[in-house]
Structures are given as structure tokens and as C-alpha cells.
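Next come the chains, spelled out residue by residue.
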Amino acid sequence: MIELRGLTKKFGDFTAVDGLSFEIQTGEFFGLLGPNGAGKTTTISMLSTVLLPSSGEIYIDGNKLTRAASEQKRKLAVITQEYSMRQDMTMDEVMEYQGRLYYMPRKQIKERSQQLLDFAGLSDYHRRTVRHLSGGMKRKLMICRALLIEPEILLLDEPTAGMDALSRRQMWNLLKQVNNRDMTILLTTHYIEEAETLCDRVAMINQGRLQKLDSPRTLIDELGAFTVDETDTDGLTSRHFSDREEAIRYLEHTAHDSTLRQTTLEDVFIDCAGRKL
Amino acid sequence: MGIVTVLWEKWVEFRRDFYKITVAAMISPLMYLIIFGLGIRTTSHGEPYIHFLVPGLVAMVTMTGSFGAIAQSMSVQRLYEKALDQVMVSPTTLWQFILGQIVGGSLRGLYAACVILVLTIPVRHGLIFNGLSFFIMLLNGAVFATLALVLSFLAKTYSDAPRFNTYIIMPMSFLCNTFFSTEEMPDGFRQIIEILPLSQASGMIRSIAGGDAPGITGFIVLAAWLAVLGSISVFFIYRKKNL
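Sequence lines, in order, name chains A and B. Heads up, the first sequence is in the numbering used here, so the first residue is 1 and it goes up one at a time. Heads up, the second sequence is in the numbering used here, so the first residue is 1 and it goes up one at a time.
Keep in mind the hints are simulated off the structure, nothing from the lab. It should be emphasised that the depicted structure is a prediction, and the values quoted were computed from it without experimental measurement.
Now the stretches of chain A that chain B is said to cover, found in silico as 3 or more residues with beta-carbon under 8 angstroms:
{"id": "1", "segment": "50-58"}
{"id": "2", "segment": "70-76"}
{"id": "3", "segment": "85-91"}
{"id": "4", "segment": "99-112"}
All C-beta atoms, glycine included, are put in the ideal place defined by N, C-alpha and C.
Bound-form chain A, shown alone:
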């Protein structure tokens, strides 16, 4: 279990993360959503100990996470937004370096690397240096690298950023598969559909503060399961209704161009972020 207690990060006068507190259960697929600059990446960076909190703590299975906490860190793997790898290493070397950093025996590193690179369709390029890989290949390599150590907790910071629709779907399937093995996953993403499809629960943060936290279904139902989009001279506005009949009645009486649809997590996100922006 991951527990954030009053996690705060300040950069000078700017507060990037402001008293964030929540728990992520073991085996849970948890989404952290928020607009640009909401504090998602800063939170991931504190979980990976690259940044230290200004105040507050992080606990992994009841033990405080610090830079010296090797036992807690052994459970963690991170896939960052940027391609955080030695650009001058080959794929094989990247995998070996990762295995060595986690004290894996060399034989095991070789076997698992081969399996993972095969699985990701990268084996033909295993001697190619990272700087000569395409963006998609680098992203896949980062996933292989994270999975090499069979982490209990996987932190994913916008793992599908810049991927085409097909690659993104492949990534979703892969993440679902690893989550089925009882791996706890924390995902930050800009793609709300991704969080809605994959996550058991999502936390919405804005300006570093927690706004909402629940399952996507509950958040949608709280807002209203049905949405009427109206287009008028001011642009598009959405009204949410918990009852379909009520939404239809509204639709019949409105004078503007309108459509009825089911509410999505994106509506919750816009409602949450829009109020604060």
C-alpha cells in the first residue's frame, strides 16, 4: 500500500503540491489526473525520491520512503514522462544497468531481458543505442526496463504521451496484464479515456490540491450520468443530469442545437479543473 500524508512541495514561493493525502491499495490501478501544472509529475518525482517533499511523508507498506530506504525502493519502478535513460547505451546495456541497480543476478538479467524485449518486439534492435531508437521504441524499452525487476509498484508518468492510437491501445492491454498480476499501478495521464478504461480509482488534483477521489463510475454518477451539450453563440456548454428522462425533457425545451450523451470522466475532469482555472 502507498500512503501519502500531507505531501507538500514548494519551489520558492510556488507551491506545486499542497497537502496531498490519499492511499493506494495493494494491487490497485490508481489514476492521478489534473491539468498541466497540477502537480502530477512533481508527485511522481517525490515518490521516486528525485525530489524530497517540503513537508509531509510517503509510506510504502507502512514504512517511510526516503532516499536511504532501499527495501521500499526495491518495490518501485518508474516510467517517467521523459526518456530517462542513458542515450549512449544499447538496449542490452540499458537492461543490464537496470538489473544491476536492483542487484539481480546476471543470468536472470539476461533471460528476463530477452523475454521482455521479445514480448515488446524489440529483440531485433537489442544492440542499437537508445539515441537511435524511435520515440515509440524508447517508450517500449522504458516499460521493459521497469518490468525487468518485477516491481510490486509501478509509477507511470504519462506513459502513452506522444503515442499513436494503436500503440496506446497496445500499452493499455499490457498495463492491464501486469495489473492482473497484483502489481499496484499509479498512472498520471492527460488522456482521460485512458484513466476511465484502466483505473479502479482516480484522484483529480488541481493547483497541487486534491479535488476529487473515487472510482470513475462514482465520479460520473455524482456529476450526473447523462449530459446535454448545447451549442449557442457563446460556444459549447454542457449540463449534467442524473436521470435520463430529465435530460430528455430539458433537451425538448431548449432552443439551441443540443445533443444527449452519456457523461464521461472527461466531463468530471473539465468540471473539476474548469472551476479552478
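Given chain A, work out where chain B should sit, using these hints.
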């Protein structure tokens, strides 16, 4: 164990860039040898100037080799590639990571010194380089590898690494007992220069090369620098808020 991982990483880097590293280690010392040692022929303390110059150059390249190997690589990994994040999140013990960087950097400095020792075989008749000389080279390299680590943690942009060279390494190269003795410097300035690690390393390597025993002061100064800079780098990796 963490130390071995870092040394493996340094070995991968060295193996891949072997020719570039070797040529880079040779160029500037070779220029200094040609200009000051062979071009402007003179004597120092009654000996050919080249006998004064070679030990100084050997000490200097342990500094530039070690510093360059760590400053460049760590700055790139921390600020550009973000590859340091991979280390920070891993269970590798961070003081071992630091120690691995220091040993790796020191060995790179020693390699650069060995290149110069091979290159100067035809001109350094009678100069002695023994086990103690190599130990001093390693110690000096360790000091500058540690300095490079500290500065890499302080760097805010990728372009800071070359600036450290201009502000720190280049002045030390010229002032710290490499090309002329610190004895000739004015009081006050001389004491400041003599406390710098390169002055001590050059002096000790030169003493051994001339058949004398090096004083204990040099070892104390180098060990003190290593302890202070090592403590700062360990403090940074465990305590610096934003790495």
C-alpha cells in the same frame, strides 16, 4: 555491490569511447610538452625544464581526466538524459553510487596519466614514477572526481559543466605547480595556491620523480579535500531537495 554497478557503467562508457577518451587525454598535454618542453628549451633548478614539466603534466591530466569524466557524464545524466532518476529510485545504496563515481573517475584520471607517461618515455630519462606516484595520481583523481560530483549536483543547466572547466580547472592547470614552482609566487597568493590539491599532487609526484620522498603534508591536504568534498556529495545525494 553498488560500486561494482557504477564501475561497470563507467567501463561501458570507456569501452565505447576508448579512442575519443585516449585522444582527448593526449592533445593538450602534448601541446604543452611541445611548446614548453621542446620548443622553448630552458632549465629549471639546474635540470632540463622537461624534467620539471612532465611530473606536473602527469598530475594535471589526472585532474582533467577525472574531472572531465564525471562532470560531463553526471551533468548530462542529471539534467539532460534524466538517467540519474533511474539510480535514485533504485535500491542501490547511494553512498556506494557516489563511491563508485569517485573510483571510476579516479581510474579515468590514472588512465590519462598513463597515456602521458607512455608518450613521454623518449624525453623523461631519469625521472622516477613508482607505486607511490601512481597512488598520488589516484588520490588526486579521486579529489577531482569528487569535486566534479559536487559541481554536477549544483549545476542548473547542461552548459554549466564547460563553465566549471573555465572557472576552476583551467586556472588550476596553469597556477598549481604544473608549469612553474609555486615558490616564486608572492606571499599570501602562494599560500592559497599551495593549499589547492593539484599543487600538492604535482609537488609530490615531482619529488618522487627527482628521487626524493614526498612530504606527508601533501597527503594530508589531498585527504582533507577528499573528505570534505566526499561528505558534501554524500550530503547532496541524500539530502538535496531537488536533484
